[in-house]
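A.B. asks: Need the complex rebuilt from these two chains, each delivered in its own frame; the hints are there to steer you.
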Amino acid sequence: MTEPRVVRVAAGQGFWGDWLEAPFRQVTDGPIDYLMMDYLAEVTMSIMQKQKSRDPRLGYARDFPQVMERILPAIAEKGIRVTSNAGGVNPRGCAEAVLEAARRLGLAGRIRVGLVTGDDILDRLDDLLARGHELRDMDTGRPLTEIRDRILSANAYIGMEAIVRALAEGADVVVTGRVTDTGLTLGPLVHEFGWRADDYDRIAAGTVAGHIIECGAQCSGGNLLRNWRSVRGLENPGFPIVEVAADGAFTVTKHPGTGGVVSVPSVSEQLVYEMGDPRSYITPDGVADFTTIALAQEGRDRVRVSGVRGAPRTGMLKVSIAYFYGYKAVGTLVYAWPDAFEKAREADRILRARLAALGLEFEQILTEYVGANATHGALAGPPNPEAPEIQLRVGVRAREKAPVERFTREIAPLVLTGPPSVTGFAGGRPQVEEIVAYWPALVDRREIEPHVRVEILAA
Amino acid sequence: MSDTEPLQLRYLAHARSGDKGDTANVGLIALEPDYYPILLAEVTTERVTEHFRGMVNGVERFELPNLHALNFLLHGALDGGGTVSLKTDAQGKVYSTALLRLEIPVPATLARRLGAAAAP
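Line order of the protein sequences matches chains X and G. Take the first sequence: its letter number 434 is residue 434 in this note's numbering, and every next letter is one higher. Take the second sequence: its letter number 67 is residue 526 in this note's numbering, and every next letter is one higher.
Okay, chain G solo, but in the shape it has when bound (with noise of 0.2 Å):
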């Protein structure tokens, strides 16, 4: 077992989200091309669903090599959606930041260095 240390995806990925009906979608982006194993091998659906418990009823992901990021499918998650929503993010806009705060095990140096550069 390699040396890792945790990491917020915050620091590895941005991020987008929108919805379709009670279903918020959140596409996650590398922010460098060589972070993108890492999210492919850490970001998995059980990951995610233990992530958002409580929150969303079911987790799909998809991969899209080519623009280095990943979508999940977060169903149930805007409590109805659209007009049916008493929710303040009803139409799951900000998911996306929602999902960088997942932490994720990285290789020891290379959490140390980005951690360390987002630090005030």
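So here's chain X without its partners, still in its complex pose (with noise of 0.2 Å):
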């Protein structure tokens, strides 16, 4: 008998930022079809944006091109396909960087980039408009034209079929703008076993794969709450891979001699991450009910997941817009020892007179006590009056820059005119921050879809 045909899908980054080493080693630790890496969060979009408005080359993760420089001799020699959305507001320019890569390792005519384009709609947002398409905040209702002037970015999130376009016409890396998270690991998986777009249960358990995987290690024992001391080599962390059979049912595990864990708790916490309603975990792809999903342990360090059910999807496809919004700042200053609670709130009872007498106007002033309840509030109870030490930390916003300039020469001066015993300014004064917020909006999936291109670049 044949050991039923699976396909491994890996995980090498669970966002901008992601260990560095994860790729590397997916790809060289043991057997892999597929490597996915994800990159995009709400606001990298805009970050991108910003970057790209500054220098027409940037817009997407730099740090893809140079994984890829790393990763392309080994994946060229195993046959391994990489997916991922690095290409943020600039897919081109991030496609045509790893062509070079490869150019540069002698790789030219060995890999085939497939592109993926449309999800970039800010050109196209007037024209929505006049056509009656609202694009209202999903949370508030507010009606787009509030913040037309000020928007930066605007992506629709898109599917897996761009995905499996791509690879049907033979791309080894599928680079892309705002695909789902989930559809990197879909788009595969669809392409492996064809299944159809209306194969629903097929279709949410490659989502639900998708969505265990793309946080990366948040799977396998990082950031794992539950006998948290008894996750051991992390300084080595395992990266996921699922192994998914035809049916659609699949296992969770890592590479042999990694560190974390692979258990019915790791992969739990990483379920219920980010969550609203468990019956409909919604994608472009489809509609995943996670209170059908059946976990067990299988073996050390294997996961299985089956019983997965779905249910079609839906006719909107979800936009993430990203628009200026003002300006913050942070400032911080440790007291010691003893009363070090008490004085840090003097300090900021001097500070916040201070920031009035000088007619100054926030949107918002918020203090926390790190030490004492910057993280659960009230709930932490009543500060310890013995603490060792306590960090204030104001946080201040407003609409216009000068005051959150000011508001950031207002914290050395404590130092000498306040309190005592306060410390740990070094750092200098705050940064003015620009605040670039998000604004969620539903569109007909009919205005994004026929706008979707593949292209095949060849090195």
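Hint data in this document are derived by calculation from the structure and do not stem from the laboratory. Any given hint could be a false lead.
Computed cross-link-like contacts, DSSO-like style, restricted to lysine-lysine with a CA-CA straight-line distance of at most 30 Å [said to hold, decoys possible]: (1) G:Lys-546 to X:Lys-318; (2) G:Lys-546 to X:Lys-401; (3) G:Lys-479 to X:Lys-52; (4) X:Lys-318 to G:Lys-479; (5) X:Lys-401 to G:Lys-552; (6) X:Lys-50 to G:Lys-546; (7) X:Lys-78 to G:Lys-546; (8) X:Lys-50 to G:Lys-479; (9) X:Lys-78 to G:Lys-552; (10) X:Lys-50 to G:Lys-552; (11) X:Lys-78 to G:Lys-479.
Covered stretches of chain G, going by a simulated chain X footprint (3 or more residues, C-beta under 8 Å) [stated by the list, open to error]: (12) 468 to 475; (13) 495 to 503; (14) 545 to 553.
Backbone N, C-alpha and C fix where the C-beta goes; we use that ideal spot for every residue, glycine too.
C.D. replies: If you want it as structure tokens, here you go:
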């Protein structure tokens, strides 16, 4: 009897800034068929847009071509294919950077890059609005016209179909913009197994597989709360791999010899991460019912996932819009025992009185006491009067830059003009940060999908 | 009325939290399948709303019996959320353990066994 065929999809990055060794380990430490690398979070697109506005060659995850340069020889030799949304707001620039890396490595002619475009609707917004698409904020119901003149980027979340097309046309590396995190895993599975778009349960199963590995090691021992002391080997964390069968059932695992753990609790914690209504986990490709997922430990660092049920996809796609909001800054000072909390609180009172006397207007001033209540608020109970130190952390936000700029000059003076036993100001003045805010909306998918393009570029 | 004692959720469940806009979610997972019915009966929307009074402006609860888990949406928990929020925990990463501070009534024998096992 032959073993049933499985397709192995490995996660190489869970966000832009994840552990840079992981992709290399995934392609060298054991067998995989696909490497998926998720780079995009809600705010990432706006950061990339800002970079592109300064230099039109930028606007993508610059880590990605560097990572690819390191792993291209191995993936070319082993036939591993890569899917990634590292393209951000400039997928073409990203794809070309990957091709340049291939040429430098002498792999010209051996690497084909699939480029997916069409998610970027920044230039189409006025047309969409004019034709009655309101693009209201999904959470607040406000109309987009309120922020129209401050919009920096606008991208529709597209699903796995363009990835499937790129793979079918022979791409070794698929570079996309705002393809969903889960689509990066589901695309290869649909390509390999030929699942139909109306095969709701298998589409849902592949989506759940994607959700489990999209945050990298967060399903394999990283950030695991249960028995956290017992998680060993995180100096070399094993990033997750799903071994998927044609019926959609799959096993979550990691390469032998790596650290961390793949267990029912580790997978459960990732399943509930960023969850809304578990009965309808909505993606462009379908709707997965997380209450149907069955988990079982089938061996060491092996969790079996089966039983996933799905429902048809909806007629709408989510749109991620980033717009300029205003300015913020955060200042901190550390107060030492004795009476650390009381000293910090008195410093906050003095600071607020000075800001008020200067006539500065803020949308908000937020004070937190790190070591007393910064993470759990009043639930943390009364501050410990014997605390060895407390960090005063004051944040301000305003629509105008001037008051925030002045705030950053009011922290250091507290050192010589406020309560005693204060330190921790060596970092200098707080930085004024521009706030780019996120506006989630929905759009009819028929407005987007005809614009999605797949091109195959060769080195 | 059977004999019950208060016990912190940390002895009965583990948790992970994340964000969507200005809403934090907390997935609360029973440490043992036997504890799930206790969570289901005692970690009510009302009790969680009271626990987070002043920190959130609305709570929704969903059940995942297959994972022995409950999912809570904590609306307005992130002071604007994302990049707008000034909070240390702007993305709601540690609302998970804040929920584990909640005390619920459990059978006295269980409270003593778990509380004593965890005592230093």
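A.B. asks: Taking 8 Å as the C-beta cutoff, is the stated coverage of the segment 495 to 503 of chain G by chain X satisfied by three or more residues?
C.D. replies: violated (count 0)
A.B. asks: If you draw a straight line from the CA of Lys-318 of chain X to the CA of Lys-479 of chain G, is it 30 Å or shorter?
C.D. replies: With Cα atoms ~13 Å apart, Lys-318 of chain X and Lys-479 of chain G stay inside 30 Å; holds.
A.B. asks: Hint check: Lys-78 of chain X vs Lys-479 of chain G, CA-CA at most 30 Å. Holds or violated?
C.D. replies: Violated. Lys-78 of chain X to Lys-479 of chain G sits at ~39 Å, over the 30 Å cutoff.
A.B. asks: Regarding the pair Lys-50 of chain X and Lys-479 of chain G, is the alpha-carbon distance no greater than 30 Å?
C.D. replies: Distance ~22 Å between Lys-50 of chain X and Lys-479 of chain G Cα, so the pair holds.
A.B. asks: Are Lys-401 of chain X and Lys-552 of chain G close enough, with their CA atoms no more than 30 Å apart?
C.D. replies: Distance of about 29 Å is within 30 Å: holds.
A.B. asks: With the threshold set at 30 Å, check whether the alpha-carbon distance from Lys-546 of chain G to Lys-401 of chain X stays at or below it.
C.D. replies: Holds: Lys-546 of chain G and Lys-401 of chain X sit about 20 Å apart, inside 30 Å.
A.B. asks: Would the pair Lys-78 of chain X and Lys-546 of chain G pass a check requiring their Cα atoms to be no farther apart than 30 Å?
C.D. replies: violated (46 Å)
A.B. asks: Tell me if the straight-line CA distance from Lys-50 of chain X to Lys-546 of chain G falls inside 30 Å.
C.D. replies: Since the Cα atoms of Lys-50 of chain X and Lys-546 of chain G sit roughly 24 Å apart, the hinted pair holds (cutoff 30 Å).
A.B. asks: Checking one constraint from the list: CA of Lys-50 of chain X to CA of Lys-552 of chain G, max 30 Å. Satisfied?
C.D. replies: Judged against 30 Å, a Cα distance of about 26 Å means the pair holds.
A.B. asks: Taking only the CA atoms, is the gap from Lys-78 of chain X to Lys-552 of chain G under or equal to 30 Å?
C.D. replies: Violated, at roughly 38 Å.
A.B. asks: Is it true that the CA of Lys-479 of chain G sits at most 30 Å from the CA of Lys-52 of chain X?
C.D. replies: Holds, at roughly 26 Å.
A.B. asks: Between the segment 545 to 553 of chain G and chain X, see if three or more residues pass the 8 Å beta-carbon test, and mark the coverage as holds or violated.
C.D. replies: holds (count 5)
When held up to the earlier numbered hints, the structure conflicts with 7, 9, 11 and 13 and fits the remainder.
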